[in-house]
Structures are given as structure tokens and as C-alpha cells.
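Student: Sequence:
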Amino acid sequence: MQLNTRQIEAFRAVMLTGSMTNAAEFLRVTQPAVSRLVKDLETHLKFRLFRRAGNRLIPTHEGTILFAEVDRFYVGIDRIAKIASDLQHTKAGSLRIASISALSLSCITEAIKLFHADRPAVSVMHESMNTRSILELVAGRHFDVGFADASGEFPGVDLTPLPLVEAVCVVPPNYPVARKQSIGPDDLRDLPFISLGKSSSFRLKVDQLFDEARVPRHEILETTLAGSAVALVASGLGVSIVDPFSVSTLRNKRFVVRPFKPRLTFDCVVVTPSHHQNSRLCSEFSSIMKRLFKSMRATHGVDGVPL
Numbered sequence: 224m225q226l227n228t229r230q231i232e233a234f235r236a237v238m239l240t241g242s243m244t245n246a247a248e249f250l251r252v253t254q255p256a257v258s259r260l261v262k263d264l265e266t267h268l269k270f271r272l273f274r275r276a277g278n279r280l281i282p283t284h285e286g287t288i289l290f291a292e293v294d295r296f297y298v299g300i301d302r303i304a305k306i307a308s309d310l311q312h313t314k315a316g317s318l319r320i321a322s323i324s325a326l327s328l329s330c331i332t333e334a335i336k337l338f339h340a341d342r343p344a345v346s347v348m349h350e351s352m353n354t355r356s357i358l359e360l361v362a363g364r365h366f367d368v369g370f371a372d373a374s375g376e377f378p379g380v381d382l383t384p385l386p387l388v389e390a391v392c393v394v395p396p397n398y399p400v401a402r403k404q405s406i407g408p409d410d411l412r413d414l415p416f417i418s419l420g421k422s423s424s425f426r427l428k429v430d431q432l433f434d435e436a437r438v439p440r441h442e443i444l445e446t447t448l449a450g451s452a453v454a455l456v457a458s459g460l461g462v463s464i465v466d467p468f469s470v471s472t473l474r475n476k477r478f479v480v481r482p483f484k485p486r487l488t489f490d491c492v493v494v495t496p497s498h499h500q501n502s503r504l505c506s507e508f509s510s511i512m513k514r515l516f517k518s519m520r521a522t523h524g525v526d527g528v529p530l
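By our numbering, the letter at position 293 of the sequence shown is numbered 516, and the numbering carries on one by one without gaps.
In case anyone wonders, no lab produced these hints; they're calculated from the structure. Do not rely on the hints blindly, as some may be mistaken.
To be verified - Simulated pairs of lysine-lysine, DSS-like, Cα-Cα distance not exceeding 25 Å:
hint	residue 1	residue 2
1	Lys484	Lys336
2	Lys336	Lys513
3	Lys484	Lys517
4	Lys484	Lys403
5	Lys336	Lys421
6	Lys336	Lys269
7	Lys484	Lys428
8	Lys428	Lys336
9	Lys421	Lys403
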């Protein structure tokens, strides 16, 4: 049975407003037009939708049942329109994020907070992993976006550099080297050193810098988490060189942060699937991350202003 949309609209308006006159105002048409549409619908359906009780219109049993279905349909249409509007304004959907551990407890956490404040209906899933896993899983589209070490090209993904930030040296406050305004490789000679894991590209840059300076390190500990390295420094076990994000969340009086010279950058990239149109949610989250990196760069300074 083919139903006329205008007739259904008139019937629904009468049910919602309680009279033909009110329905006409609701639809911005004349009262006779509404009466005719409802009567034509009753003729088409071959049953009555209303009965009169004085000046009142009372829905029939059939009319009540039909309205329940009609209203469910319109609620669905309204819901679709709401979802479409939310998608247009990036207020709904889902976003799957992967990041290296150095960012997970600092920059990513802040970015998710800012992102969620404007888009509370968006479902966000975040996992921390190493750079290799991020590249593989984003290439396979298991994640929408990743934030990883800059470690060279990888098939199936596009890599967009994030603003460079400079590494910092963290030392216990009772170490004599803590009195220096900036710290270099020779200042750390023979001091107990806490290294990041060998799988970290940043660790490789630190190793290369000390090798070129011909300064041996007294490595006593190795950890995959920069935040753990900072916590170990805070406990007085030694010194470390880490990204500035990791110290920004753990800053306290139990360790001192100093610029490291020569300049040692913490290079990160945005990882997205190749040959794939990124969602607005992905683009907007990446923009938040870029702003946070720029903010850290301004705070930390390209010349290494102490945090």
C-alpha cells in the first residue's frame, strides 16, 4: 500500500496538537486543507482515524496504533538528521588512536581531553605501543591515526612531521650538575645514567650524540617508558635525557630539568593510512596535537629554556 506523505504529516499533526485547527497552524496551512488530507487518508486506508466527541477529536483504536508507527518513523528521521548534523560538525563518530608511550601519558592525554570537551559524543579508543606496531596497524587501518617516532618511510602510511621539540636533561636536585644552566655530554660523564629502551629511535640519537662526543656513560638502568626514567631520576638513582612532554606531567621538586646542549630534538610524526581520505575527526585531533607540540616548543624554546 502506497501512502501519501502529506496525508501522513497532516494525521501526525492532528495527533500531536489535538485538533484540525491547531494542526493547520503547526503545518502552516489552512484548516480545510488539513481536514481534506486526513479524510483522504481515511478513504485510502478504509478505516477511520478519529471520531468526534463534541468539539474534540478522539483517535480511534486503529488511529492510535497507526500513530505509534508514524511517530517512530519520524523519531527515526529526526535521529538521522541529528546524526548527519553531528557528523557535519564533527560531533559524532569514533576515532581510534595509537601512540608511542612517551606521548601517551602527556600530550595524548591532554589532546583527548581537549578533543572530548568539544565532541563528547565521539567515541575515542587509544592504545600505546611501539613505532613499528603503530606503522603496521595504521597501514592495516586498524587505527585511524598514529603518533610515532620519525623513523623513515613505511608502506601503506603517510607521515606528517609534528613541530620539533627539544630534549631535556633531568637530574636529582642534590647533584652538582643541577646548578648548571644547561647540560652537555661531558657534564654527565661517569654519572649514573638511566637510558630509554634500545627500540626507541630517540635512544639511538642519544647514543650517537655521546659516541660522537667520545663521552662514555655509566648506564645503570634501561626503561621503555620516558615517564619511568623521570620517576627513577626523582628517586635519586641517576640522570636521564628525555622528551619535554614526559617531564611536564611529572614535574616536582625531586628533580631538576635543564636544557641539553648540543640541541637534541624529539622528532614525531602523524601516521595516517595512504590513499585514504582522513575523517574530519582524525584531522581535527591531529591539529590539536600540532598545537600542543607548538605550545611545548614555545614553552621549552628552540634554544632550550628550562621548564
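Student: Now, for every hint given, state plainly whether the structure supports it.
Tutor: Now the hints, each set against the structure:
no.	hint	result
1	Lys484 to Lys336	violated, 33 Å
2	Lys336 to Lys513	holds, 15 Å
3	Lys484 to Lys517	holds, 20 Å
4	Lys484 to Lys403	holds, 12 Å
5	Lys336 to Lys421	violated, 31 Å
6	Lys336 to Lys269	violated, 58 Å
7	Lys484 to Lys428	holds, 13 Å
8	Lys428 to Lys336	violated, 31 Å
9	Lys421 to Lys403	violated, 28 Å
Taken one by one, the earlier hints fail for this structure at numbers 1, 5, 6, 8, 9, listed in ascending order.
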